[in-house]
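Enquirer: Let the sequences and hints guide you as you build the complete structure.
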Amino acid sequence: MKQDKNLLYNNRILNCLLNEKIYTTLEIASKVGLSEKTVRIRLNEINGWMEQNGFGKIQKRQGAGIWLECSEEERQNLEKYLDGNGSLPCEFSMNDSKKQLIGTLLKLKPGEITTLQYIADSLYLSSPTVGKLLREVSCWFEERGLKIVSMRRKGFCLKGSEYSFRIAIRDYMMDMMPGAWDALLETFAPRIDTSRIWRIIVEAENAWRIELADNSFKMVWLMTCLSLARNGSVNMGLSPADMEDIQNHNEYSFAESIYQRIEKVYQIGISEEDVMILAILLLTAKKIK
Numbered sequence: 053m054k055q056d057k058n059l060l061y062n063n064r065i066l067n068c069l070l071n072e073k074i075y076t077t078l079e080i081a082s083k084v085g086l087s088e089k090t091v092r093i094r095l096n097e098i099n100g101w102m103e104q105n106g107f108g109k110i111q112k113r114q115g116a117g118i119w120l121e122c123s124e125e126e127r128q129n130l131e132k133y134l135d136g137n138g139s140l141p142c143e144f145s146m147n148d149s150k151k152q153l154i155g156t157l158l159k160l161k162p163g164e165i166t167t168l169q170y171i172a173d174s175l176y177l178s179s180p181t182v183g184k185l186l187r188e189v190s191c192w193f194e195e196r197g198l199k200i201v202s203m204r205r206k207g208f209c210l211k212g213s214e215y216s217f218r219i220a221i222r223d224y225m226m227d228m229m230p231g232a233w234d235a236l237l238e239t240f241a242p243r244i245d246t247s248r249i250w251r252i253i254v255e256a257e258n259a260w261r262i263e264l265a266d267n268s269f270k271m272v273w274l275m276t277c278l279s280l281a282r283n284g285s286v287n288m289g290l291s292p293a294d295m296e297d298i299q300n301h302n303e304y305s306f307a308e309s310i311y312q313r314i315e316k317v318y319q320i321g322i323s324e325e326d327v328m329i330l331a332i333l334l335l336t337a338k339k340i341k
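Residue numbers (this note's numbering): 53 to 341.
No lab work stands behind these hints: they were computed from the structure. Treat the hints with care, as some may be off.
[To be verified] Restraint-style ranges between C-beta atoms, simulated for each label pair:
1. 318 x 104: 55 to 61 Å
2. 233 x 262: 19 to 25 Å
3. 147 x 247: 27 to 33 Å
4. 234 x 180: 31 to 37 Å
5. 113 x 262: 42 to 48 Å
6. 238 x 296: 34 to 40 Å
7. 318 x 291: 27 to 33 Å
8. 262 x 101: 25 to 31 Å
9. 121 x 297: 28 to 34 Å
[To be verified] The list that follows gives simulated cross-link-like pairs (lysine-lysine, DSS-like), each with its CA atoms no further than 30 Å apart:
10. 206 x 159
11. 161 x 150
12. 89 x 112
13. 89 x 184
14. 161 x 132
Treat the numbers as computed from the prediction; the structure is a model and nothing was measured. Note that the Cβ used here is the ideal one computed from N, Cα and C, for glycine as well.
Expert: If you want it as C-alpha cells, here you go:
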C-alpha cells in the first residue's frame with residue numbers, strides 16, 4: 053500500500069510538470085496532496101531519475117518557480133514511457149541523493165567555499181540530511197584524491213589536485229551517471245564545441261587506422277573537453293623517468309596527435325601534463341572494438 057501511494061505521488065508530480073507551466077512548491081503540494089517539504093525532497097529524487105534516464109531535468113529557481121526543462125524528443129519519450137504504463141520508481145534509494153550531491157560538489161572550482169545551507173537549498177533537502185550525506189560520500193572523494201574540508205564559520209570546500217578533479221568527473225559521468233552524458237558534458241565543459249572535439253578524435257582514429265571502444269572514445273572525448281574547459285595546472289607528480297617511459301608508448305603518441313589537432317584548430321597551447329593524463333588513461337583502457 054505504501055509503495056502504491058509513493059508511486060501515485062511521484063507520477064502526479066511529474067504529470068503536473070508535463071503541463072509546461074511554472075509552479076511554486078506550494079502549488080505542486082496542493083495539486084498532489086503532499087507537504088511542501090515532501091515535495092521538495094521528491095522533486096530532487098525525480099530529477100535524479102530523469103537525468104539518469106535521459107528525460108531532461110527539473111529546473112528550480114528562487115523567485116521564478118519550478119519547471120520541466122527538456123527537448124521535444126525528451127518530452128515525447130517521457131510521455132510515451134508514462135503512457136506505456138511505465139512509472140517512476142515508487143521509492144528512491146539514498147544513492148540518488150548521493151549522486152546529486154557528488155555532482156553538485158564536482159561543479160565547484162577547486163577550493164571554492166560553499167555552505168551546507170546553500171547545498172541543502174539547491175538539492176531541496178534539509179541541512180541535517182545533507183550533513184549526513186556529506187559524511188557518507190566523503191570516502192568516494194577520498195578514493196580519488198579529493199577531500200571535503202570544513203572551513204570554520206565559512207562553510208566547506210572540496211580540496212585536491214586538478215588531476216584528481218578530472219578523474220572524479222570522469223568516474224561520475226561514466227560510471228555513476230552514464231544516462232545523463234550529454235547534459236553533464238555541457239555542464240562540465242561549458243562553451244566548448246564538443247561536437248568539433250568529437251570530430252577531431254575521429255580524424256585521429258582514421259589517421260592511425262584504429263577504432264576506440266565506445267567507453268574509451270567517451271573517456272578521450274571527456275578528458276580533451278575538460279582540458280579546454282578547465283585551465284587549472286595539472287600536477288601529476290610524475291618523475292622524469294616515469295614520463296620518459298610513458299612517452300615511449302604508442303598511446304602517448306596517439307594522445308599527442310589528438311592534442312596537436314586541437315592546438316591547430318583552436319590556436320592554443322596544450323600542456324604536456326594534459327597529453328600525459330590522456331596517455332596514462334589510454335594505457336589502462338580497452339582501446340579497440
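Enquirer: Taking the hints in turn, state whether each one holds.
Expert: Hint check results:
Between residue 318 and residue 104 the beta carbons are some 32 Å apart, a value that contradicts the proposed interval 55 to 61 Å. A C-beta distance of roughly 22 Å is found between residue 233 and residue 262, which places it inside the suggested range of 19 to 25 Å. Between residue 147 and residue 247 the beta carbons are some 32 Å apart, a value that agrees with the proposed interval 27 to 33 Å. In this structure the hint that residue 234 and residue 180 lie 31 to 37 Å apart at CB holds, the actual value being about 34 Å.
About 45 Å separates the C-beta atoms of residue 113 and residue 262, a value consistent with the hinted range of 42 to 48 Å. For residue 238 paired with residue 296, a C-beta distance near 37 Å keeps the hint of 34 to 40 Å intact. At roughly 31 Å, the beta carbons of residue 318 and residue 291 sit within the given window of 27 to 33 Å. Distance hint check: the CB atoms of residue 262 and residue 101 are about 37 Å apart, inconsistent with the given range 25 to 31 Å.
A C-beta distance of roughly 47 Å is found between residue 121 and residue 297, which places it outside the suggested range of 28 to 34 Å. About 19 Å separates the Cα atoms of residue 206 and residue 159, which keeps this hinted pair within 30 Å; it holds. Proximity of residue 161 to residue 150 is assessed by CA-CA distance (about 19 Å); at most 30 Å being required, the pair is judged to hold. At roughly 14 Å between alpha-carbon atoms, residue 89 and residue 112 fall within 30 Å of each other, so this suggested pair holds.
As the CA atoms of residue 89 and residue 184 are separated by approximately 18 Å, the hinted pair is consistent with the 30 Å bound. In summary, the hint linking residue 161 to residue 132 is not supported, as the alpha carbons are separated by about 39 Å, beyond the 30 Å threshold.
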